[in-house]
Each structure stands twice: as C-alpha cells, then as structure tokens.
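Q: So the chains spell out like this:
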Amino acid sequence: MVTGDLHRAASGDAHAGLFFGAPQDWRREFNPCIQCGMCGGACPLGPAMDYTPRRAIYMAKEGLLDPVIRSNTLWLCVSCYNCTARCPTNLKITDILFPALRDAAINAGIQLPGEFKRALDNTYRYGNSLGEGPRKRMEWTKGAGVPVPVISQLRRPVEVLWLVECYPSYHPRNQVQAQAMARILHAAGVDFAILGPEERCVGDCERLSGEKGLFESLVEYNAALLDKYEYQEIITSDPHAYNSLHRVYPTMDRRYPVKHYVEFLAERLDALRPLLRHRIDARVTYHDNCCLGRMCGMYEAPRDLLRAIPGITLTEMAFARENALCCGGGGGGMWLDTVIWQAAGDRLSDRRITHALATGAEILAVSCPFETSRFEDSLKSSGHEGKLIVRDILELLDESMRGRGGAAA
Amino acid sequence: MNISVLLNMVPDLVEELEIDASGTALDTQWMRFLLSESDEHALEQALLLKDRHGARVTVLALEPGDAEEALFSSLAKGADEAVKITGVSPGLSKRVVAMAFKEALQATPSDLILTGVYAIDDLDGHAAGLLAGMLDLPFVGVTRSVEPVNGRVVVQKEYPGGFAAEVEVGLPAVIGVLSAPQPPRYVPVARIRETRKTRTLTERPVSVAESLPGLTIRRLFKPEPAERAEMLTGTLGDVAGQIVTILADRGLVR
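In order, the protein sequences belong to chains A and B. Take 665 as the starting number for the first sequence in the numbering used here and just add one per residue. Take 2 as the starting number for the second sequence in the numbering used here and just add one per residue.
Treat the hints as calculated values from the structure; they're not laboratory data. One should not assume that every hint holds.
[As the list claims (entries may be wrong)] With the C-beta cut set under 10 Å, the calculated list includes, among others, these residues of chain A facing chain B:
1) N771
2) K876
3) T977
4) L978
If you're wondering where the values come from, they're calculated on a predicted model, not measured in any experiment. Glycine is no exception: its CB is placed at the ideal position from the N, C-alpha and C atoms.
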C-alpha cells in the first residue's frame, strides 16, 4: 500500500522543498520521523545497507552524520522512491535525505566510487555522463531515415521541442529508440525539432547524486536554452528528465510544459492507431519505471500504447505499478553498479527479470532508456538470454508501423 | 614546504582531431583542451602532502589551452595560489614549455616541483625532465608516491615489469608524477563556481625565445590504415615458398 501522495499535480508548490539545503536545514525536514522502519523495509537494497534510511535519519538528527557518510548506505540508493511512497509521514527520503548525505560526503572529501565520479566529471565537462562530445550528440539521426530538424536551424516556432536526452543520443542501444521516436513523430505528422549539439543533460540523476552545484549549473544552462526558443510543448524520451522538469524545475521557478513520450503519444492514439498496421503476436509484460510510475502516477498511458498494437497480449508481473521493482539505474545507480553488486550480491535488474520471466511473456516492454541495456545485460549474465526480448515501447510502435523487416533489430 | 605544480593542457580526444590547412598542426577551431591526466595526479600528490604535512601549493599553467578552468579547479581543490603564465604562443615544443615554466618559477621559490611525467602531446621530450635539466635540479620520473623525510623526499618510482624503486632525493627537486597514491579528488561544482567568484589568478608574463633549437613539423597526418593482413597457411616449406613468391611479385627479390 502506497501511503505517500507523490503524484500530485505538477505545481511547484506541491513539491516545494524537493531540493536540499545545508545540513542543519535538511535535518529539520526529518523531525517528524516516527522511526517506524517502513523505509528500510520497503527498500530493495535495505538489507545490504550499513544503516537503513530509518537509522540514517536518527543518526543525522543526533549529529552523528560522519559514520553515515562514511558507510555504504548513501551509495546503495537508486532513487526508486519505495521508501518515500510508503513513508507514513510523507518524508522526502529519496529527494532530500540521500542527496543531502551524498552532498555531505562529496564536501567532506570522501573518495567517491570511480564510475560515479567519472560520470559527474563528464556531465560538468561535456553535458552528459557518458563523456561524449557535444558535436556527436546528433550522430544517431543518421540512422533515423527521416529528417530530424534542429530548432536553431529552423528559425521558427515549432509545435513540439523534443529533449532527446543523453542516453538516447549517445548509447548505441538507446540510439535505436531515438531513431524509432523520430520515425513515429514523422509518421504522425508532428511538427517537432530537437536542440542538437546545444542540448545538455537535464540533471535529474546529478541532483539525486547530491551534486547540488552541478544540478544548479545545468538548470541555469537549460533554462537559458529553453527560454531562447518558441514551442508549444516539450517532450522527452527520458523519464528522469521528465521527473526533473515536471517536479523539480518548478520549485526553482522554471516551469515548462513537459510530457514524457508515453503521455504525448497516448493522447494521440486515435491518430496513431491507423498507422499500427503490422501485428506483433506476442505476450508482453510492461515494467513500470520509478519516475513515471511511483513518482508521477503514470500507469495507464504506456499500457494504452501497448494495447493499441495489434497482436499484443498484455500480461502483468506480480509486482507492477506502484509495487514495481526498480531496474536499479536511477539516481546515479547507472554509475554505482559495482558498489551495489559488491554490497548486495546482485543488481536490481537481475531480480526484476525473474519477475518478467515468471509471467511467461516473450517481450519485456520498457519506457526508460536505462532499462533496455540493464535488463538485456541481466538476461545475459543470468543465463536467460533468448528467453525474453527487451524492447522500448517506441521500438514496438515503430515495428508495428513499419513491419518486422522495417524496424530496427 | 613550498610545492609548485606545473599543469599542461592537452587536446581533449572526446571530439575527432582534425588537421588544419597547413598540414602541420591540429585545427583548433573545434578542439577542446583538458588538463593532462598525469598532471592531475601531480596536483593530487601535492594536495596530499599539504593535507598530511602542511605545505603551500602553487599551481602554474601556460595561458593557451583554456587553462583557467584547470587553475580555478585547483584552487577549489585546495591549492593556495594559481598562476596563469602569459606571453606564450599555443602549439609550443616541450623545450619552449619548459623554458616558460623555468622563467615563471623564478618568482615562486619552490622546494618541490611536481608535474606529470608525460603528456599526450609530447613531441620533443617531456617537460619535466627538460625543466630539471634547465634548472640543474635532481629529477625522478614515473613516480607513484612522494613522502618528506628529514628535509628530503622519498619517492616510489615505477619500472617496467612490475619493479619499483624507493629513491631518496635532496631538495629542491623536480618530480615527474605518473600517479598519486590515491585517485584525484572530486571537487564539487558549487565550490568551483564559488572559487571563480571569490578568487583571482596571478598573471605572470614571460618572454621565451621561440627560436630555441627544436624540431620542425614537416607533415602531420592521421594514422593510415594498413592493407588487410593475409595469413599464410601450410607447412613451413609451403609458407616459405609463398613468402618468396610474394616478395618476387612485389619486385623485392629476384
């Protein structure tokens, strides 16, 4: 049972205080903690933590911050929001406690996990955690097969500004999804453009990683960029970017009309349905990602899109919707796999694929760029390769539009 | 102890390097620069010495190559002073770089001079060794730790094949750092931003004669892909026969 009212309307007031301040400020936020232990019990990595969130809160309030920031606790949070969703006093454990602990560790000069540090360095230097050059941000468009206009070159207002975000721009597995998205928008006649080489990370994982200054610098940059162009709405391929633009940017007086692609496309389902001409005869199970699901309550839009594809039979995992298990990639988790695996003995994506396999589905559908490679890696490393295909909803829509031969493999 | 750390900015390989119209230099229009990796370790080594034993750390960098970011980051990490060396042109030989550092160091008395042992753009030698020669100071390169002992330093130096040596060096000395005992520390972006607002860089002009004996680049080119290898199979006699045939076909033997 989820007790926290997480997915209220996207107003800054509803989510005020999502960004942590100095230790004496954020610790006061946790005064109402009743030490019930729901957070540690709900946390899928709680058993591997030196201090569960409950203990960390108690110790921080008692001024015993140092042992906490030197423990493994702060590196085992993947921002799945399970603790936040179940906290009976609505404490912002994910949005404030863990980023504040990480901020304290960073400022205390504690040696950061190598991949985590490299990702932050890369984001500061290049605007993306993958460490790729800004000039390469558009290389994925070469394989799209349709025009992908850049707003600075169009020199006119557009209906939709698409924030492709970092992984779909650079990661070879996710570039396929970006290409599918471009074809879908083109086929649906959407007047869209991307930012191209000017685009930088929205910064959700950097915020949750506790790199406050980095997040603030990204907000400043992105706000200046987004204010420069004219568009009716923003869509993004990344639930983390959506989470930040929808919930956190407004608390910093930056308000943008943003939608994740599942919401945007589900609203246009009547126009899309005639384009879905090819059957995909398969049992499909959908993985609710944490940002769209627990954080924003968006459960129906992705399922509506899947049901619209002829031939697909939707089947649910035992743990679905607000009870879905995280893939383990959020909040910096993409850069903490080694630390988490060493502490817990596995990754959350390894556990999640067992839920999907148990349904007997042939396809595991996702709507977050982190998930395709994470679940595919887990299938390979657990000996289940070939038993389940991982596809982003975009890839399935694209395949239904173009047929199997036409869709990207 | 006064420690000077010499920082070198090198081309960032994150973007494709391109050669300019002259055919002898890199096209700098799109090129970005970043702090040379082993210099990052030299800075970390200096800051560790400061943390553990107390020291005044001065970082120095030549102006060309976006050095300001590296200098402010160094201040944010804990360096006491940052010197931007002006009056030098980009694309210098390492001999000229060493001369510029030598001149700039005249105003910064140093017990210990730390710098990276190599940089990816080294052409005519390494700045660390060249500088030690110009200053007539002892030099140890390829180091992985530096510790002060009784007014001298004990340096762990790496050799190929997994061998290492412990070398005691009198001061002042130049040390070419390969790696610090721990990875370079992370500096929060907020601290870098604050440092940019509250600290200033010391500008130090130098005048280095670029007519020093050096090299002339005649042609700069990207690696040219070799033709696909042909694997010869069969008995030793067969292979030898094939080799003779190939060499004869190419006119290399008669």
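Q: Which of the listed hints are broken here?
A: 3, 4
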